[in-house]
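K.L.:
Residue numbers (our numbering), protein chains in the order written: chain P, 1 to 340; chain H, 1 to 370.
To be clear, the hints were calculated from the coordinates, so they are not data collected in a lab.
In this text, a Cβ means the ideal position worked out from N, Cα and C, and glycines have one as well.
Please note that the accuracy of each hint is not assured.
Chain P is faced by these chain H residues, among others (derived, beta-carbon under 10 Å) [as the list claims (entries may be wrong)]:
| # | residue |
| --- | --- |
| 1 | Y201 |
| 2 | S203 |
| 3 | V240 |
| 4 | H247 |
| 5 | A259 |
| 6 | S260 |
| 7 | T307 |
| 8 | S308 |
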Amino acid sequence: MTDTAVLRTSALTIGYRQNGKTVSVCQGLDLALHKKQFVCLLGANGAGKSTLLRTLSGVLPPLGGNVYVEGTDIGQMSKAALAHKVSLVLTDTVQAGNLSVYTVLTLGRYPYSGWLGMLNATDRAIIRDAAEATGIQAFLDKNIHELSDGERQKVMIARALVQDTPVIILDEPTAHLDLPNRVTIVRLLRNLVQRTGKSVLLSTHELDLALQAADRVWLMMPNQSMLCGTPEDLILDGTFEAAFRREGFEFNRATGTFQVHTPEPGKTIHLSGEVQEVFWTGRALQREGYLLTERNDCPTRVYAGMYNGTAGWTLRHHDSTCMFNTVAGLLEHLQQKHND
Amino acid sequence: MEKLYPDLSGNATGVSSAAIPGTRRKFAWLTLMGSLLFILLVLDIALGSVRIPVADVVRILIGSDNGTDHLAWYKIIHSLRIPKAFTAVLAGAALSVSGLQMQTLFRNPLAGPSALGITSGASLGVAVLMLGSGSMASVYAIRQLGIGGSWLIVLASFGGSALVMAFVTSIAWRVRDNVVLLIVGLLLSNLILALVSIWQYFSEPEQIQDFLLWTFGSLSGVSRQQLPILVVVVLAGLAVTFLSSKHLNLLLLGEHYAASMGLSIQQTKLRVIGSTSLLAGAVTGFCGPIGFVGIAVPHLCRALLNTSDHRFLIPACCLVGANSMLACDIVAQLPGYHTTLPINAVTAALGCPVVIAVVLRRRHVNNPGV
Numbered sequence: 001m002t003d004t005a006v007l008r009t010s011a012l013t014i015g016y017r018q019n020g021k022t023v024s025v026c027q028g029l030d031l032a033l034h035k036k037q038f039v040c041l042l043g044a045n046g047a048g049k050s051t052l053l054r055t056l057s058g059v060l061p062p063l064g065g066n067v068y069v070e071g072t073d074i075g076q077m078s079k080a081a082l083a084h085k086v087s088l089v090l091t092d093t094v095q096a097g098n099l100s101v102y103t104v105l106t107l108g109r110y111p112y113s114g115w116l117g118m119l120n121a122t123d124r125a126i127i128r129d130a131a132e133a134t135g136i137q138a139f140l141d142k143n144i145h146e147l148s149d150g151e152r153q154k155v156m157i158a159r160a161l162v163q164d165t166p167v168i169i170l171d172e173p174t175a176h177l178d179l180p181n182r183v184t185i186v187r188l189l190r191n192l193v194q195r196t197g198k199s200v201l202l203s204t205h206e207l208d209l210a211l212q213a214a215d216r217v218w219l220m221m222p223n224q225s226m227l228c229g230t231p232e233d234l235i236l237d238g239t240f241e242a243a244f245r246r247e248g249f250e251f252n253r254a255t256g257t258f259q260v261h262t263p264e265p266g267k268t269i270h271l272s273g274e275v276q277e278v279f280w281t282g283r284a285l286q287r288e289g290y291l292l293t294e295r296n297d298c299p300t301r302v303y304a305g306m307y308n309g310t311a312g313w314t315l316r317h318h319d320s321t322c323m324f325n326t327v328a329g330l331l332e333h334l335q336q337k338h339n340d
Numbered sequence: 001m002e003k004l005y006p007d008l009s010g011n012a013t014g015v016s017s018a019a020i021p022g023t024r025r026k027f028a029w030l031t032l033m034g035s036l037l038f039i040l041l042v043l044d045i046a047l048g049s050v051r052i053p054v055a056d057v058v059r060i061l062i063g064s065d066n067g068t069d070h071l072a073w074y075k076i077i078h079s080l081r082i083p084k085a086f087t088a089v090l091a092g093a094a095l096s097v098s099g100l101q102m103q104t105l106f107r108n109p110l111a112g113p114s115a116l117g118i119t120s121g122a123s124l125g126v127a128v129l130m131l132g133s134g135s136m137a138s139v140y141a142i143r144q145l146g147i148g149g150s151w152l153i154v155l156a157s158f159g160g161s162a163l164v165m166a167f168v169t170s171i172a173w174r175v176r177d178n179v180v181l182l183i184v185g186l187l188l189s190n191l192i193l194a195l196v197s198i199w200q201y202f203s204e205p206e207q208i209q210d211f212l213l214w215t216f217g218s219l220s221g222v223s224r225q226q227l228p229i230l231v232v233v234v235l236a237g238l239a240v241t242f243l244s245s246k247h248l249n250l251l252l253l254g255e256h257y258a259a260s261m262g263l264s265i266q267q268t269k270l271r272v273i274g275s276t277s278l279l280a281g282a283v284t285g286f287c288g289p290i291g292f293v294g295i296a297v298p299h300l301c302r303a304l305l306n307t308s309d310h311r312f313l314i315p316a317c318c319l320v321g322a323n324s325m326l327a328c329d330i331v332a333q334l335p336g337y338h339t340t341l342p343i344n345a346v347t348a349a350l351g352c353p354v355v356i357a358v359v360l361r362r363r364h365v366n367n368p369g370v
């Protein structure tokens with residue numbers, strides 16, 4: 001039976017042992033990660049993402065079922081053999097302060113290097129390429145503790161590249177990073193998958209980045225079920241909405257974001273105008289608690305448009321008309337009126 | 001050759017083929033330390049309570065004087081000073097390297113060779129011998145043979161260490177958490193020392209004095225017959241440790257990363273415990289408990305070499321440890337005076353300021369990787 005999946009699970013039950021008791025997190029998982037695929041693992045805190053990743057990478061033994069890497073059951077593999085197939089990048093940055101960046105990269109060749117960590121020309125070439133690929137060649141001789149968090153995570157990703165495995169598993173690698181660094185790293189991983197054909201499994205809380213970058217999304221729900229699919233399919237067929245609504249959250253499929261605000265009673269408004277201005281004005285109005293309606297007979301109407309190259313807002317309430325240059329002005333006026 | 005990884009980050013600039021940066025500087029530094037070792041070795045042999053002119057020392061060392069001219073000096077140098085100097089070199093190297101391993105394994109900058117209870121085990125064995133045995137015969141035997149020259153004491157020390165190490169190893173086998181292991185080791189040491197002090201409370205003054213003398217440590221107690229054993233055991237321990245450099249380096253990344261790269265954490269832990277037992281157990285058996293060298297020298301080496309790479313640190317610790325021990329011995333001899341200081345006092349007096357200075361200069365002390 002040819003197995004096109006690089007990483008596959010069969011009726012996998014994951015969990016852990018705590019104080020002598022077995023806690024099962026998820027049962028009967030049949031997942032597949034294929035070659036040249038970028039999969040994002042999403043889920044609430046405590047849903048079991050880390051447990052799943054640890055089980056898939058061989059750190060934690062499965063409670064039931066099997067995990068296959070390139071067709072072989074990882075339970076039958078030695079740790080050394082597994083190290084040739086799966087590499088890890090973890091959340092916490094490394095506490096090996098006095099190691100130089102280059103030394104950390106050389107450690108990535110551990111599964112292949114000689115008894116004292118001797119490297120041959122191939123090893124050195126891979127290290128060089130990985131450093132170039134992640135853009136860290138400028139700090140190869142710096143010590144790890146001299147780098148910023150983002151640079152350090154890039155080093156750990158480069159180390160995983162040096163390990164040269166078909167599967168790379170990353171457990172919330174961008175958790176402590178700022179937005180530009182997060183985008184850079186996701187972009188880097190995406191390019192990696194496209195150009196080298198490796199497979200990446202990334203767990204993250206960044207819903208927006210995940211929906212943009214992932215070929216597939218695996219969503220772990222707190223009720224111990226798992227939803228898998230292409231992000232757009234999951235959104236368009238309502239799976240996402242349904243899944244989150246069960247947990248008490250409104251997922252807005254038009255914007256791809258979660259609804260933070262709920263409309264207040266008695267606040268209805270009709271909004272029309274230019275596409276971009278309507279989008280952002282709508283968000284501002286929703287923040288004020290307004291419900292946007294399509295009905296033309298709504299007494300309060302806002303037109304958001306462009307006048308002589310600058311944005312402008314026209315508010316019509318019954319018979320009175322006001323014009324504003326900024327959203328702030330519009331909102332202030334609406335607040336005052338509502339308080340009267 | 002086609003690149004394995006094309007530029008993914010979008011900002012490639014050319015990169016030079018880098019050997020490990022700073023390697024040349026590290027090798028130069030190691031050579032310097034090696035040269036210093038020779039100097040201190042000769043100095044240690046040349047200085048002592050009996051004033052021997054340097055020219056004669058050199059003549060005796062290179063063998064042009066077979067003792068026909070100055071028999072007393074010849075005997076002093078060959079029977080006393082040379083064994084002592086070599087003991088200092090071996091003890092310094094052994095203790096420093098075991099301290100380094102302990103600090104890496106437990107990721108604790110204050111760990112030393114005694115962290116797992118070797119020293120207290122040795123104390124227990126020696127206490128059984130010196131304090132527990134009330135019989136006049138054994139006391140007489142010890143008196144006659146001298147503190148260090150007695151094989152009895154060496155064996156008692158080894159026996160005690162082995163007992164404690166066996167206990168600690170059985171715990172290490174079952175317990176995954178290294179912090180737990182460290183705590184068990186430390187508390188066990190305290191327990192044993194408490195037992196020993198109870199024993200001392202009920203002992204004769206002469207016995208207490210003998211035991212106390214043992215606790216001061218001594219490099220002069222190793223006879224020419226015992227030296228080869230010390231050499232073999234210490235070299236074996238150093239070799240095992242050096243061959244594990246790769247594994248120790250991996251441990252610095254943390255156990256999760258190390259395991260994900262195929263390292264067997266349990267095997268490495270047991271190997272570290274084993275080689276530490278060999279190194280520290282041998283030195284403690286032959287020289288008594290010697291402190292501070294094992295904790296201070298690794299920090300000093302890390303600071304001077306600015307690296308945590310064990311492939312450099314292990315040789316560095318050997319050299320700096322040996323040099324430090326020789327320096328302490330030279331000071332302890334109080335050259336020209338007819339008394340000597342106990343070696344433990346000198347290692348503490350020289351070791352503590354060094355550690356304080358090193359620690360104050362650094363910003364991160366929380367883990368030994370820095």
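K.L.:
Tell me, in ascending order, the numbers of any earlier hints that this structure violates.
P.N.:
1, 2 and 3
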